[in-house]
Structure formats: C-alpha cells, structure tokens
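Q: Sequence:
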Amino acid sequence: MLDRQLVAAYKAVEAAWRPFTKMTTLSKIDEDARRFAIYGGDNLLPRVGEKGEYLASPRNELRYLIQVNKRGRQFDISWESLINDDLGALRDTPERFGRAAERTEHRIVTSLYASDVGAHVEGNGGNLYQVGVNAAATVLSVPALEVGVQTMNMF
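FYI, the numbering for the sequence shown is 5 to 159, going by this note's numbering.
Everything labelled a hint here was simulated from the structure, so no lab data went into it.
Note that the coordinates shown come from a computational prediction; the quantities given were computed from them, not determined experimentally.
There may be inaccurate statements among the hints.
What the hints assert, rightly or not - Straight-line alpha carbon distances no greater than 25 Å define the calculated DSS-like cross-link-like pairs of lysine-lysine that follow:
#1 K55 x K15
#2 K15 x K74
#3 K74 x K26
#4 K26 x K15
When you get a sec, could you build the whole thing from the sequences and use the hints?
A: So, in structure tokens, the structure goes:
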C-alpha cells in the first residue's frame, strides 16, 4: 500500500522538464553504456518561394555515454510506532518520498541543461550556454536582482 501511495505522490506533480525530455529504459546497468541518437529533420522548416525547391533535411548520428545511478533512502520505523502514531506525524511519509523522487529528477535534469557548455545537438555546433555566464553569481538581494533585471533588459 505504501508503494502505491509513493507512486501516486510522484505522479501528482507535472514536471516542467518532461515535455522536452525523453525517458527510456536501459537493458542493463553498465559503467559505460553507449547510446546513440539520430537527430535532424525536426527543426524549423525553411520558407519556400513559389515553385521553389524543397531542400533535403540532413540526419545525423550522435554517440554518447550514459550511466544509470540508483538513488533512494529508507525510513526506519517499527510497526509499533506506526500503530501508536496518534498525531498522524508519520502518515505522510510516502508523499514525502514521492516528492523527494520528483525533486531529485528535477535537479538532475535541470543540471544537465543548465551546466551545458558543450556543443548543442541542434544548430551549427554552437554552445547552448556560454562558459562563465554565472561566474559572478551573487546572493539574492534587491541590488543584485536590479542588476539582473537590467542585464536581462539588454537582450
């Protein structure tokens, strides 16, 4: 019963990153599982003039390394403690574990694209983000936020 509650709590939150990611399964857990992706053909369509030629779309292959990591924790509690939980303090444990799983996935996926300074798959090999763009990150304060808003307005 607890596992069903945990899964329900995990699925209750629609993660913002799910629409632009692809989840898959691996057949085995290897240190060096190599995967590949075929990309191209699904980027923006170019404009074609009257009686113009439709240009061919390139398809490319990208090989990359993927690793599976196992994450989790357990909650050590006795059966007697569950029975004697008059205040219901332990009742939300499955929901807490479900939220922890969702937050962990969110952190992992966000770190993948937020720290990406390598060549991006689509495009002309340009970087998704520039190196050192957050090098001068400061504490959240009113002056720091004003500087951030001014910087964003320059774009």
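Q: Run the distance test for K15 versus K74: straight-line Cα separation, threshold 25 Å.
A: At roughly 19 Å apart (the allowed maximum being 25 Å), K74 and K15 satisfy the hint.
Q: Verify the proposed pairing of K26 with K15, using a straight-line Cα cut of 25 Å.
A: Satisfied, since the Cα-Cα distance of roughly 16 Å is no more than 25 Å.
Q: For the pair supplied as a hint, K74 and K26, is the alpha-carbon distance within the 25 Å limit?
A: At roughly 19 Å apart (the allowed maximum being 25 Å), K26 and K74 satisfy the hint.
Q: For the pair supplied as a hint, K55 and K15, confirm whether the alpha-carbon distance does not exceed 25 Å.
A: violated (50 Å)
Of the numbered hints given earlier, the model fails hint 1 alone.
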